[in-house]
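K.L.:
So you can see what is in the structure, the chains are spelled out below.
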Amino acid sequence: MTKKDQSPDAPVPKRRATAESMASRQREISVSEFFTKNRHLLGFDNPAKALLTTVKEAVDNSLDACEEAGILPELLVEIVEVAPAPSPNQPSRFRVVVEDNGPGIVKPQIPKIFAKLLYGSKFHRLKQSRGQQGIGISAAGLYGQLTTGKPVVITSKTGKGRPAFRIDLRIDTKRNQPDVVKDETTDWSDRDHGTRVEIELVAAYRGGRTGVQEYLEQTVVANPHLGLTYVSPKGERLEFPRVSGELPREAQEIKPHPHGIELGMLQTMLADSPGKTVKQVLCDDFSRVSPAIAQQVCQMAKVNPRAPADRLHGEELERLHKALGEVRVMAPPATAVVPIGEALLIEGLKRRFPKAEFYSSTTRAPKVYRGNPFVVEAALAYGGDLPLEEPAEIMRFANRVPLQYQPKACAISESVYEVNWRGYELQQPKGGLPVAPMAVVVHLASVWVPFTSEAKEAVAHYDELLEEMKHALRECGRKLAAHVRSRAHADRELKRRSLFEKYIPEVAAAIGDILGISKEKIEKPFYETLPVFVKFADEEGHAKEAPKEGTRANGGGGESAEIKEDGEAPGPVPGTPAPPVAKGKRKDRNKGKQLSLLE
Amino acid sequence: MATKTAAKRKSERDAVTLGKIQKLAKGVLTEATKGHNPAVEIRTRALSNVSFNERKKIIELGDKTQSREFFNTSMVRKFMQTMLVASKCKTLIDEGKTVSIRQMYYMSKHTLPHSSDNTFEDQTESDPIIEDLEVGIDALREELHLFATRRGSCVGKLVIEDAGDRIDLSRMGRGGWSIPSICEPDVIKFTECKAEFILFVEKDAVFTRLNEDGFWKKHNCILMTTGGQSTRGARRLLQRMSQELKLQSYVLVDNDPWGLYIYSVLKQGSINLAYESMRMAVPNVRFLGMSSYDYAKFKLGPAVQIKLKKEDVARAEQMKAYPWFKDKKWQQEIQELLRNGFKMELDGFLTKSISFITDEYIPKKLRDRDWLT
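Protein sequences, first through last, are from chains R and V. Quick note on my numbering: the first sequence kicks off at 1 and runs consecutively. Quick note on my numbering: the second sequence kicks off at 1001 and runs consecutively.
This is chain V alone, in the form it adopts within the complex:
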């Protein structure tokens, strides 16, 4: 239980979130008291319930909901877990602390009395429950005082303030600034920006390559990576930088279906987190590479070819059907990948020379305005 002094310190935002959690609990209790089946309505997070908003150019979550009932044998466990996570989030808010979703897993895990079952058996059980709670009570993850594992680095001509500390992103050495999982305006503020654009690269190794080559200094930009699929924090940061600093962002990923999907998530959001698209999507982000046509354009040799696997082909076909890839240019791009029959990695440019990507590839692509949107 929160002490009165702790309650006073709660920010207005915390008060709103607490209200939502309490409303959830009261509703459940009221229904049970009336002899009804207590239920939580959760919007379905699946392809069947997302749509592509042509005007806003983002993926949006539909209105289809799933009722999570207590008196239902297939739902009762998840119902209990949802309530448990809600109560633990309430504790976090009361105590003004933030934990990772893994720590939340441990916070809410205990063995049920007279049984060998646990409230949660592993983190794969608790992660979706947290997302359910987010959509169920319409609260953001950070509002629930939770964060995901941090991943991603950033360097460039930008000065920020993170929880009161001034950080010059042009003085971050080789590793770059580690992007926190929560990048909301109340903790991260942009102080001074000399950058002209943002370059987001998929791979950490490419980031290091570009950083070592001083790419961002030469081209006056901000360089970001998340090492694979982008994290919430990095996506939020990218959106805020592109909106608040009015910077154009470019994405550099491997030439394969997964790379394309990383771009797609940055641009219009993901299916699983469709309810967050508004806060994360960057619809004007440009796909700089690596394009299937680059093989010919940059006279790359067979050494860079990696044969497409069956699942690559399947994934590419699947993506061709997504409404947000319906544009002719994209259809051609995916078709070309399939026709090539091989995929390529950004690291493949090292067949040319160590800094080919820094000195030749990116400058030429930018110069030629050779990108897709």
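If we strip away everything but chain R, and leave its shape as in the complex, we get:
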């Protein structure tokens, strides 16, 4: 603003505060205080969602802890309505209990883990895990504290014969510090080791797509090695015994890859390495960077490789960052990502849809986006008791965690929409989901999952991710199409067969009358000839086809699995006549020999 703009008559505004007086009001905002005002950022926007987020954060932590310790997880999730809602449709008070058989937590760590925001083991490393920021469980506790005033109760035991501690915690929201309200030793003989989290909160219990039960059922799909007991607020007890005794391979922690590093992160890494040269930092702290590559990067960036790392700044830093992004370098090691695997994906899917008619799954080969390795997997269950005329159900997973909110904003949903399912014998309205008795699973496993927000509700649209998802879905689709076609073929054959079988007795009786032979004697050759003209199917209607080598219609990338409900390998079945001749000869066979009656 210049003086020219002001009318000469305008009164000069009165100064309201001085820099000094303003400084007196400026102070640090604690993370806890920030959360209190911005709870929606972490998934506590409404009472129903708060309940889900609380359960989810606790379960994610339990699973991560069990897997890291090498323990097959056995979880109990219990939701108890403590006080009924004052009137229907109003939130009421619940106690969420999540108990695991994990390694337990050493006593001094308990308060920090559960009652200090942004404290955790997962933020500072690049390793595939469910939780990422170390904010979730303490945020849940804080939410409980804010809505009910009740402390978080943690019980933990680290081994057989050791004491169990029961600690009541509050968060000092101003200082973001844990406040131990009560600390006692208890007898927890149920488990040799494990952790039990109890949070009381004001919440609402909902069913459906975004409900707690849906979350648990989907978690069970993506974690075949998980044994889960769920006690709902109505007192129903659901048991999901584990279907795999195999723990997922431990994900390797990796260093940042040059292609994915952000400028600020690079700056921090360099600044944190006093006494090291730029080249040394590049070699030591990045994955896939050899001394030769480091030399090349420095050359490209016109930076002295022997310059002290903590002195690099300004344009030099930016040039180094640019060079890191451009240098040709190997992809990060794929050992950092752990997919569920094709066979286990199907096992998992069967936990939710045990009566589907067909399952298929695909695990793609590892790929990279922005220096982060990732693996996409897809699986589908088809037919059986799945609803016929409804849009297919999509289950989205990121590092085995179900994503229930914001399907429209998620790259996973988009990948399902973008695949042309009509090519795979399914109906699909334009721009819509396939309408079929089908459930689709897409799992993205990555060291760093790009969520659209900190609430971790939807996967961001990276082209590399979207392409891989579509590839995985198409592979599953191709296998499904082969099944649907062979099923349709089997149905047609069954119809043909019953038609012929309907008329054989009639024809036999007529011929028998003419030739004075018993009807049965004439029926016999007809029934014996029937298999030559009809592909026989078993009772369940699956075509018994000639064996096919390997996987069929399998596109590039990854192994494929395909399992039919009866688990029967496709192939000739004993007791049926010789497999029909090759397709090309079908016409001739069908025509058969004609009988001329006009000689």
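What the hints contain is simulated information worked out from the structure, not anything from laboratory work. Do not rely on the hints blindly, as some may be mistaken.
[Claimed, not checked] Calculated Cβ distances over 10 Å to all of chain V for the following chain R residues:
hint, residue
1, D284
2, I293
3, G314
4, V484
5, L499
6, I511
[Said to hold, decoys possible] Restraint ranges, calculated between C-beta atoms of paired labels, are given here:
hint, chain 1, residue 1, chain 2, residue 2, range
7, V, S1011, R, L494, 35 to 41 Å
8, V, T1030, R, L388, 46 to 52 Å
9, R, G516, V, Q1318, 47 to 53 Å
10, R, L494, V, T1030, 26 to 32 Å
11, R, G516, V, T1098, 19 to 25 Å
12, V, G1096, R, E520, 26 to 32 Å
13, V, L1372, R, G516, 51 to 57 Å
14, V, D1186, R, E520, 35 to 41 Å
15, V, K1307, R, L388, 54 to 60 Å
[Unchecked claim] When the alpha-carbon atoms are kept at most 25 Å apart in a straight line, the in silico DSS-like pairs for lysine-lysine are as follows:
hint, chain 1, residue 1, chain 2, residue 2
16, V, K1034, R, K502
17, R, K502, V, K1078
18, R, K519, V, K1026
19, R, K524, V, K1078
20, R, K521, V, K1109
21, V, K1078, R, K519
22, V, K1020, R, K519
23, V, K1246, V, K1297
24, R, K535, V, K1078
25, R, K521, V, K1078
26, V, K1026, R, K521
27, R, K519, V, K1034
28, V, K1026, R, K502
These numbers come from a predicted model, not from an experiment. Even glycine gets a Cβ: it sits at the ideal position worked out from N, Cα and C.
Fit chain V to the supplied structure of chain R, relying on the hints for placement.
P.N.:
For chain V alone, coordinates are given in the frame of chain R:
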């Protein structure tokens, strides 16, 4: 099953037919036993498979055949029906009985086990199967002991023997002798003939008119009608009379495409029964009327005009294309019908007087040799 005594009584002709039916059954059984698809070859009864034999002047069935297979979803039902009808015909031959094609429909109709379907749902399903069987095993309908619904009357100066009964066709009263559906020489014999020609009229009412007027007495002829499209029995009878008694036959039909077609069927046979033309066609039959030119010739008034309908025009155009109407005179006749834009009925002569057709029209046409062949 036939008893031995019944078998002995079978005529030689029946034995031949039985052999054909048995050969059909054995062939089917053999093919099935070999693991082949049992099939019956049936000559196609459609315009695409008939030709006009210029020398014999009859419509003949071509050699194109259709294979009716058992192991073929679109054919299996008809295959079953063919076998069923064959077996029932065998029973008829065994028992020495003859039934109508409607009765055959009932004989072979039953409900399929574990189903609400019948072997035949209605007679329109069984009639073509009977014709298929006729061409399939090369047997005549009467040889299969079947007959079609009887239609047609005959009077005139002829004495015949029908199944041993002597019948004087000049003493048949007003109704005339009812023409049986089977008129083969073994049942119908011509004993005494004083007639000089045969007059075939399309309509029963015209037949009655001529009969009442004593036309056949005055002109020494035989008078026949079938009331519309001719039946097999009447056609066979007409052929036998014209061949065996060496009588010229004349046809009197309405002046419309359907009338022309009735004449055409009598003369050279029909498409559907082309395989029977040899036994039924009367190639020298003369078309006496009613011609499109008769309107002017007999000074008929607008009262007799019936406007041609769209389908009449279409049918006339279709007939113009038939090879057996390619003769110039016929092309002119059909062209004249189209140019008139109207059709006429024989009954239209009553606009002149009740017996105009008997007393004036037919005698003049015969006298003037005003006919087409």
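K.L.:
Now tell me, hint by hint, if it's right for this structure.
P.N.:
Hints versus structure:
no.: 1; hint: D284; result: holds (75 Å)
no.: 2; hint: I293; result: holds (69 Å)
no.: 3; hint: G314; result: holds (82 Å)
no.: 4; hint: V484; result: holds (22 Å)
no.: 5; hint: L499; result: violated (6 Å)
no.: 6; hint: I511; result: violated (5 Å)
no.: 7; hint: V:S1011 with R:L494: 35 to 41 Å; result: violated (49 Å)
no.: 8; hint: V:T1030 with R:L388: 46 to 52 Å; result: holds (47 Å)
no.: 9; hint: R:G516 with V:Q1318: 47 to 53 Å; result: holds (49 Å)
no.: 10; hint: R:L494 with V:T1030: 26 to 32 Å; result: holds (28 Å)
no.: 11; hint: R:G516 with V:T1098: 19 to 25 Å; result: holds (22 Å)
no.: 12; hint: V:G1096 with R:E520: 26 to 32 Å; result: holds (29 Å)
no.: 13; hint: V:L1372 with R:G516: 51 to 57 Å; result: holds (55 Å)
no.: 14; hint: V:D1186 with R:E520: 35 to 41 Å; result: holds (40 Å)
no.: 15; hint: V:K1307 with R:L388: 54 to 60 Å; result: holds (58 Å)
no.: 16; hint: V:K1034 with R:K502; result: holds (21 Å)
no.: 17; hint: R:K502 with V:K1078; result: holds (13 Å)
no.: 18; hint: R:K519 with V:K1026; result: holds (13 Å)
no.: 19; hint: R:K524 with V:K1078; result: holds (21 Å)
no.: 20; hint: R:K521 with V:K1109; result: holds (23 Å)
no.: 21; hint: V:K1078 with R:K519; result: holds (19 Å)
no.: 22; hint: V:K1020 with R:K519; result: holds (20 Å)
no.: 23; hint: V:K1246 with V:K1297; result: violated (31 Å)
no.: 24; hint: R:K535 with V:K1078; result: holds (22 Å)
no.: 25; hint: R:K521 with V:K1078; result: holds (22 Å)
no.: 26; hint: V:K1026 with R:K521; result: holds (13 Å)
no.: 27; hint: R:K519 with V:K1034; result: holds (18 Å)
no.: 28; hint: V:K1026 with R:K502; result: holds (21 Å)
Of the numbered hints given earlier, the model fails hints 5, 6, 7, 23; all others are met.
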